[in-house]
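In order, the protein sequence lines correspond to chains A and B.
The working numbering numbers the first residue of the first sequence as 1 and each following residue consecutively.
The working numbering numbers the first residue of the second sequence as 1001 and each following residue consecutively.
Bear in mind the hints are in silico, worked out from the structure with no lab data behind them.
What you are looking at is a predicted structure, and each value in this text was computed from that prediction instead of being measured.
Each statement offered as a hint is correct.
Here are the computed distance ranges between Cβ atoms for each label pair:
#1 A/Ile199 with B/Met1033: 45 to 53 angstroms
#2 B/Ala1125 with A/Arg66: 31 to 39 angstroms
#3 A/Ser18 with B/Ala1115: 48 to 56 angstroms
#4 B/Gln1111 with A/Gly311: 26 to 34 angstroms
#5 A/Gly117 with B/Ala1125: 40 to 48 angstroms
#6 A/Pro250 with B/Ala1125: 54 to 62 angstroms
#7 B/Phe1171 with A/Ser256: 44 to 52 angstroms
#8 A/Arg66 with B/Gln1008: 39 to 47 angstroms
A virtual CB, placed ideally from N, CA and C, is assigned to each residue, including glycine.
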Amino acid sequence: MAKGIEIRTSPHLKRVMSVERIMRTVVLALLPICAFAVYQFGLSALLLLLTTTGVSILTEWFFSRRSGQGNTVSNWSVVITGLLLGLTLPPGFPLWMAAVAAFVGVGLGKSLFGGLGYNVMNPALVGRAFVQAAFPVAITTWTPAFAPGRFGELIPSTLTLPFMQPIPVDAWVAGLNMDAWTGATPLAIQKFQHIETPIADVFSGMVAGSAGETSAILILICGLWLAWQKMLDIRIPLSVLAGAVMVALPLWLMDSATYPSPWFVLCSGGLMLAAWFMASDMVASPVTARGAILYGLFIGALTVVIRLFGGLSEGVMYAVLLGNAVGPLISSWTQPRVYGVTRKSADKRDAA
Amino acid sequence: MAELPNTQETLTPDTFLRGLWEENPVFVMLLGMCPVLAVTSTTMNALAMGLATTFVLVCSSLLVSLLRNWIPKQVRIASYIVIIATFVTIVDYSIQAISLELYAALGAFIQLIVANCVILGRAEAYASKQRLTTTFVNSLGMGAGFTLALLALGTVREILGNGTILGIHLFSPDFQPWVVMILPPGGFFVLGAWLLLFNWLRLRKERKQAEQIGVTAHAR
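Let the sequences and hints guide you as you build the complete structure.
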């Protein structure tokens, strides 16, 4: 059968696809974003990413051994969790708090539910939500991007002793003599002072913020590459972004002095990163096509609502977690009709 | 909870110890979750709540046991509630008299002792069928178990959430409090962690027993 037609039953797999392969590709897509975070924030961001990834791997190793699943570290999924968690934290976040976040995220958010495939919510965001509630000051302490000596010295708060309050960074920031530095992320400036950072800056990532959320264009490229590799359901990120615009556009048209433009909404904060890499989490998102779109729109709309009308300047984390929570419900609403079954007969069957 | 036989229980150490460990109202029976989660943000609140509940539990169980042959079956729940409410009122006024600060901290949860299912459960399942002495010892054990559980939660939450225990600072002033621990979610996290520990201990014990049975079976 050198040139003949191979006949076999479905599924007709064109290439070998395994969990490990998918996860490796996602890690590969995250690496440019990590590299940019290190380039932008220096050694501190590197240590932060290494800590979250390292602790995540250790936690996964510990729980998978104890639960008798064997070693599940080798499927790479926990590396994604660690990297994503690191990318969502402020670059000067104390390392011990980052370790707590990684432990809670992987332990509570994933392993206790039964490991990969059983987690209800995105583990990285569970970890981040925990430290947001536990250490609300540290997680909203931002440091400037492109500090002059960033490759030679650490942000002082990075090396805080475990269980101690973060070392204040104000004096260090003042010593940098950076004129443009205002002590807040573009989102906070927009929310509390109603000044929009130029779109070009938020689009390219020339701003302060969490380690890996700053550059919208880079995240967009990596996400599109991942979608082209068919490693994520492109409906989800697109509908998240669409949902955000759907809420932001009418508000901006009504009152452009108070509300940010849709472009700013899309490019600032963690929306881009969450849309492409977190909402699209294969385990915690709905499986049906219509469900994926509904889920995305829900997350996007909720993000903007929290940003504009809530107390926090960024709401994408809670929006994704809530989206994960309603995901199974959306899945069951949007079950496709079985071929040959009319809507009426399906209802009759359900009622019976 | 195992169905208790209608016959009178003889007084053994187990009558007391059951409430502490094997039938712990919080960690094993998961009863009375409302005060467990709500007022355990500090050790002091937990201790006060535990003692108040123990007082109501012991007194109402005694009275129920004393009156068990006079209370008609049809109106027993209403009668138990009246008895429990009497003692809750006593506790309510006593705490108000002792410390207004504590009273404010515990809030509505003192009055809510009346709806605590541990107390009604004991009256229904135990006190209404047993002699005065065994009832006293058993309800004391249950109360101690409840207090212990509240303390277990309150201590962890206060140490992590505030860096103190009974208001005394444990660490250097630089200690970073885990704010979430004294907020409501912290109650769920700590309760979950304790339940994890208790379930793990129980499973380990069961596994060991199963192994021993297996070993003896082999030896034969």
